[in-house]
Amino acid sequence: MGVLVQLKNFSYAYPEAQTPVLNDVSLEIEAGRCYCLTGPTGSGKTTLALALKGLLEKDDSSGEILCPRQSGRADFRIGLVLQNPETQLLATTVGAEVAFGLENLCIDPAAMPDRVAAALSLADLRKPLDYPVARLSMGQKYRLLVAALLVMKPHLLILDEPAAQLDPEGLAALHQTLSDLKATGVAVVLCEHHPGPLLELIDQFWQLDEDGGLSDGRWQAPGQVPNLRLPEMTSDLSEAPVLLEVRDLAFMGHGEEAVWDGASFDIRRGQCVVVTGLNGTGKTTLLRVLAGFLKPSSGSVRIFNAEPVPQLLRGRLGCLFQNPHKQIFENTVREEIAFPLKRLGWPPDQRAARIEEALSFCGIESLSDDSPHKLSYGQKHLVAMASVLAPAPEMLFLDDPFAGLDCARQEDVMQVLTRWNRERGVTLLWTSHDPGQIPALADGHLHIEGGRIGWR
Amino acid sequence: MAKSFVGRFSDSFRLPLKDALFLGFCAVFAVLVRVVLRLHLHISGHAMIIKIFFLMLGRGSTPCRYGASFTALLAGTAAMFLGFAKAGPLIIVKYLMAGVVIDLAAFFLPAMFGSYVLCALVAGVASSTKFFSAYAINALVGMDPVVNLQRSLLEAAGAITFGIAGGLMVPMVICRLKAYGVIR
Amino acid sequence: MLLALTLSCLAFVARTGVFLGALTAVNALVFLLLRPQGVSWWRQGRYFLFQSSIIVALYIIRFGSLAGIWDGLLISWQLFLAFWPSMVFAKTTSQAKIVRAMNRIMPSRMSFVLATCIKFAPHLLEEVQDIYEGQVLRGARILPRDLIKPWNWPDVVRCVIVPAVVQGMALAGNIALAARARDFGLYSKRTCWPGE
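Chains as they are written, first to last, in my numbering: chain A, 1 to 456; chain B, 457 to 640; chain C, 641 to 836.
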């Protein structure tokens with residue numbers, strides 16, 4: 001088998017970063033083989049995928065990337081599917097989406113429909129060409145993206161974390177597609193921790209370490225969210241008062257089918273409940289309905305013994321986003337934590353004490369005068385958490401709080417949540433896209449699948 | 457011919473796709489925010505607060521020297537294609553006049569996005585273009601000159617007031633974005 | 641598109657009642673043929689009434705008699721007919737057709753930028769909504785009833801607009817990356833998908 005792409009001593013550092021994210025990486029990709037790139041979060045897997053596709057700024061890199069395009073083969077193509085399908089789908093209909101690549105390659109419009117239909121069939125997505133993209137499930141959207149690359153006849157296909165976006169049925173379909181592609185000589189690179197059913201396709205594993213170095217072998221991700229030794233519970237939770245009562249709840253959204261329906265559950269003071277479900281199943285929507293920002297289509301929610309009204313929940317309910325950039329806006333970490341306290345009317349002397357406590361609880365005392373925007377992603381997450389915890393809410397909603405965090409930061413976040421839950425009795429409700437990652441802290445596990453929410 | 461002119465115009469100042477898309481968002485929001493927020497205040501010129509804010513944001517947050525004009529061009533086209541154009545195709549000219557004023561001001565006053573006074577002043581001048589566009593459209597349909605003058609002045613007065621309010625929001629946003637290191 | 645532009649431009653030169661009547665009939669015919677969905681008669685009617693009342697009032701002041709009513713109504717009807725065709729065009733045209741129409745009058749890169757931003761505007765609005773809701777729970781005084789007091793307005797700029805702009809820039813970066821990952825920009829020209 002011939003070598004398709006070769007990296008020789010390739011290094012890359014993001015502008016203004018102190019250390020390179022990829023460090024002296026050398027690799028060879030051969031036609032018809034499947035490679036799996038593993039490594040902890042933030043180790044540079046996506047950056048390496050971008051490098052292979054040629055999407056990194058040349059000024060910030062060193063070393064060589066050799067591929068047939070450089071030796072004059074203009075038809076040599078590399079296809080790359082990034083993580084979030086939502087920001088990669090650029091058209092409104094299935095046909096137009098798949099044809100986007102052909103438009104860029106200046107293919108004659110008359111030749112497009114046949115090629116589009118063939119690519120859709122290869123990706124096992126049997127939908128009419130004018131079918132609206134918005135009506136597809138997350139798994140179907142991912143397969144649409146794969147079709148949108150297959151239509152360009154790539155020689156190398158790179159998929160960034162496909163398992164996180166696909167349900168078991170979608171993964172099985174992708175397995176068949178990749179197997180067929182391998183047989184025709186297309187090389188595949190998966191950037192993936194948990195290849196699942198794709199495992200048997202993989203011919204070689206690579207692992208990236210935290211210093212950006214690449215070596216052969218498979219990096220083993222910890223099986224679970226870091227679990228800490230739990231302090232003893234001070235009281236029996238089954239006797240605790242119900243803080244959140246949900247009965248026959250359903251939410252329709254804009255589509256014709258309910259996002260989910262028939263949800264009934266209670267959450268008691270001091271409990272920690274995890275809601276799991278694949279991306280796009282409506283976890284965030286559930287939190288928004290429970291907080292009173294969205295009206296359910298039927299059923300009832302009672303939080304703190306009342307209907308959910310956002311202005312009445314201020315100070316009692318905290319909400320931590322998956323992405324801290326949506327929350328932080330002040331010039332220093334201290335001001336960021338002080339903001340909710342000021343707005344909730346805390347007197348200045350108590351405010352200062354609370355800020356110090358929140359800083360020390362989250363282990364970020366040394367950052368108090370820094371700009372939150374210039375911190376690492378993990379540190380920003382802790383700042384956002386300190387700011388939400390400072391007014392001591394009785395209940396906390398956390399939207400996928402471990403997404404995008406490396407193991408060390410996950411442990412920091414877990415430590416704060418565990419102490420807050422067990423020592424302060426704060427009720428936690430958090431969402432996670434990975435049903436396999438349930439921490440020991442959880443007293444209950446709700447799962448969303450096929451539009452139903454139920455206890456597991 | 458118009459297409460080749462616009463093509464040469466955009467090629468000669470080739471924008472990175474990311475910046476072009478951000479300006480596109482400013483343009484679409486300049487048109488859509490009023491509709492989404494249901495701001496039907498029935499006060500002449502109230503839409504100018506949104507329009508001027510996004511045009512100035514487009515210029516202030518990208519290194520592109522024609523950022524406001526590009527945003528204006530896109531906003532006018534978007535308004536026309538989305539069916540919000542109360543003046544038909546002339547909507548593009550209405551947006552473009554304000555955009556050009558902002559770009560020219562930013563060229564001669566590079567520090568303007570850090571100053572509330574300068575931003576308010578430029579926003580006021582950019583909003584005053586409403587007078588010329590309103591007068592021209594009314595004249596085209598054959599409105600009596602005196603009525604036209606009165607109506608255009610009335611519209612411009614409202615536009616300038618709201619435009620200044622939009623301009624005053626810009627330094628607060630730009631200063632924060634600079635402090636965050638998001639823009640230079 | 642051409643029809644919409646022509647009808648719109650004709651509204652500017654229709655000076656007589658007969659011409660305007662004929663133009664109205666053509667517009668009505670086009671409307672009946674295309675049957676656009678989602679036209680808000682209440683909103684269009686309200687806009688026309690509001691515009692007409694100002695123009696008619698100014699005409700009455702100018703001519704000092706009720707004779708100005710007819711001229712004022714004619715002018716405001718002309719202005720209404722100038723924007724009506726583009727509204728009908730927008731309501732009856734798919735994204736692919738709009739892009740094709742835009743491709744005819746502007747460079748493909750620019751039409752891609754505009755079509756993509758229109759497509760992603762609801763996504764960005766959802767992100768803004770997320771930001772808004774989170775900041776409300778943090779205590780920000782940004783609920784509609786808080787905003788009656790002008791001293792609460794800076795909170796909107798600081799806690800909603802600034803993070804929203806940062807998110808908008810990030811979204812623009814992600815979309816640009818996704819487009820380049822599918823070879824957007826490889827050639828200066830692009831062809832166009834013939835279907836919907």
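Some hints could be false.
[Stated by the list, open to error] Cut-off 20 Å, straight-line C-alpha distance, at most; resulting in silico cross-link-like pairs (PhoX-like, lysine-lysine):
hint, chain 1, residue 1, chain 2, residue 2
1, B, 474, B, 634
2, B, 634, A, 58
3, A, 374, B, 634
4, A, 8, A, 58
5, C, 759, B, 474
If you're looking for bench data, these hints aren't it; they were derived computationally from the structure. Predicted, not measured: the structure shown is a model, and the values here were computed from it.
Comparing the hints with the structure gives:
The straight-line distance between the Cα atoms of residue 474 of chain B and residue 634 of chain B is roughly 18 Å, inside the 20 Å bound, and the hint therefore holds. Taking the CA atoms of residue 634 of chain B and residue 58 of chain A, the gap is near 26 Å; set against the 20 Å cutoff, the hint is violated. For the given pair, residue 374 of chain A sits about 12 Å from residue 634 of chain B by alpha-carbon distance, which is consistent with the 20 Å threshold. For the hint linking residue 8 of chain A to residue 58 of chain A, the alpha-carbon distance of about 14 Å falls within 20 Å, and the restraint holds.
For the proposed pair residue 759 of chain C and residue 474 of chain B, the alpha carbon gap of about 16 Å is at most 20 Å, so the pair holds.
The structure fails hint 2 only (numbered hints given earlier).
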